[in-house]
Amino acid sequence: MRNVLLDGTNLRLSRIGFGTGRLFSLRSIGSTSARHRLLAAAYDSGITHFDTAPSYGSGIAESDLRAILASHPDATVATKVGIYTAGGEDQTPISVALRKGVGKILPSLCKKTVDWSVDRARRSLDGSLRRLGRERVDLYLLHEPHAHLLAADEWLRWLECERDRVANFGIACEAGRLAPFLASESPLAKIVQCSDSVEGREADVLIQAGRPLQITFGYFSEAKRHPNFCAEKALAGALRRNSAGCILVSTGRPERIGGLVSAVDKHDATAAVACAS
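In terms of our numbering, the sequence shown opens at residue 1 and continues consecutively.
Some clues are possibly wrong.
Listed next, the in silico DSSO-like pairs over lysine-lysine satisfying Cα-Cα at most 30 Å (straight line) [stated by the list, open to error]:
#1 K224 x K104
#2 K111 x K224
#3 K190 x K112
Just the calculated beta-carbon pair ranges, DEER-fashion [what the hints assert, rightly or not]:
#4 C230 x E160: 40 to 48 Å
#5 R66 x L98: 30 to 38 Å
#6 E199 x E255: 22 to 30 Å
#7 R163 x L98: 35 to 43 Å
#8 D204 x R66: 32 to 40 Å
#9 E199 x R163: 37 to 45 Å
#10 S117 x N228: 26 to 34 Å
#11 R22 x G258: 13 to 21 Å
#12 G88 x G133: 17 to 25 Å
No lab work stands behind these hints, which were simulated from the structure alone.
Even glycine gets a Cβ: it sits at the ideal position worked out from N, Cα and C.
Please build the complete structure, drawing on both the sequences and the hints.
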């Protein structure tokens, strides 16, 4: 699979990246070996970019990526900051499963917290790097930020001071939260990872601001609402929408990954022929 250079940056990612946010249902959360096989299958198929967060599986998603990242230094990883899980980010799979189970009765046990203090962010970065087994993260994203809650100048100063541990930074959010960052031309939003869909075209807020689509996600969620859902067809629509950036995908089935990668290769080959003619 070809890599793409994100517009306006020196960050090169695989055309599709693997998102780890939805791998932790009660049914699958205890299967560490299955998750490791899934991540290995993604890399072996050509997906070299992985998206995670300390709030995904209460830190387990980051820990699961450690083996892949150690074995493949060329792999890139994005993690996030700002949203934290009840019980902390260093829980065992069993404790997370128990908390989720009891949380169906007592929701407060699973309630995530939002904290935009730089002190908390610094500790979060320490933990993320330790779990990932890396000294530096390729992309560090503010997770679903509200512009009015951020001390933007303080965050920018801190992130610039962390260049030895943070290669690139940006924001990751639903497209509806982007407007104030784009209007102010916030340097925190040099890289944007946002939701989009073929029908809703939510990421057009970037295009209207003269910005390219860099990293987008959410296409499968939209497509699954339709009968006769086809992941490859949904991905083809996503590739047309985001023609030069990285699209995040996710699946719990290793056998599906090859089909997604083939869909990317087919799309790119067709696009190349069209450009040549």
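For each hint, the structure was consulted:
Of the pairs offered as hints, the one joining K224 and K104 holds, with about 25 Å between alpha carbons and a cut-off of 30 Å not exceeded. The straight-line distance between the Cα atoms of K111 and K224 is roughly 27 Å, inside the 30 Å bound, and the hint therefore holds. A C-alpha spacing of about 27 Å is found between K190 and K112, which places the hinted pair at or below 30 Å, so the restraint holds. A hinted range of 40 to 48 Å holds for the C-beta pair C230 and E160, which are about 44 Å apart.
The hinted window of 30 to 38 Å between R66 and L98 is violated, with their beta carbons roughly 23 Å apart. The given range of 22 to 30 Å is respected by E199 and E255, whose C-beta atoms sit roughly 28 Å from each other. About 40 Å separates the C-beta atoms of R163 and L98, a value consistent with the hinted range of 35 to 43 Å. Taken as a hint, the range 32 to 40 Å holds for the pair D204 and R66, whose Cβ atoms sit roughly 37 Å apart.
At about 40 Å, the beta-carbon gap between E199 and R163 stays in the expected band of 37 to 45 Å. Range check, S117 to N228: Cβ separation about 47 Å, and the 26 to 34 Å hint is violated. The hinted window of 13 to 21 Å between R22 and G258 holds, with their beta carbons roughly 20 Å apart. Roughly 19 Å separates the CB atoms of G88 and G133, a value that falls within the hinted 17 to 25 Å.
The structure fails hints 5 and 10 (numbered hints given earlier, in ascending order).
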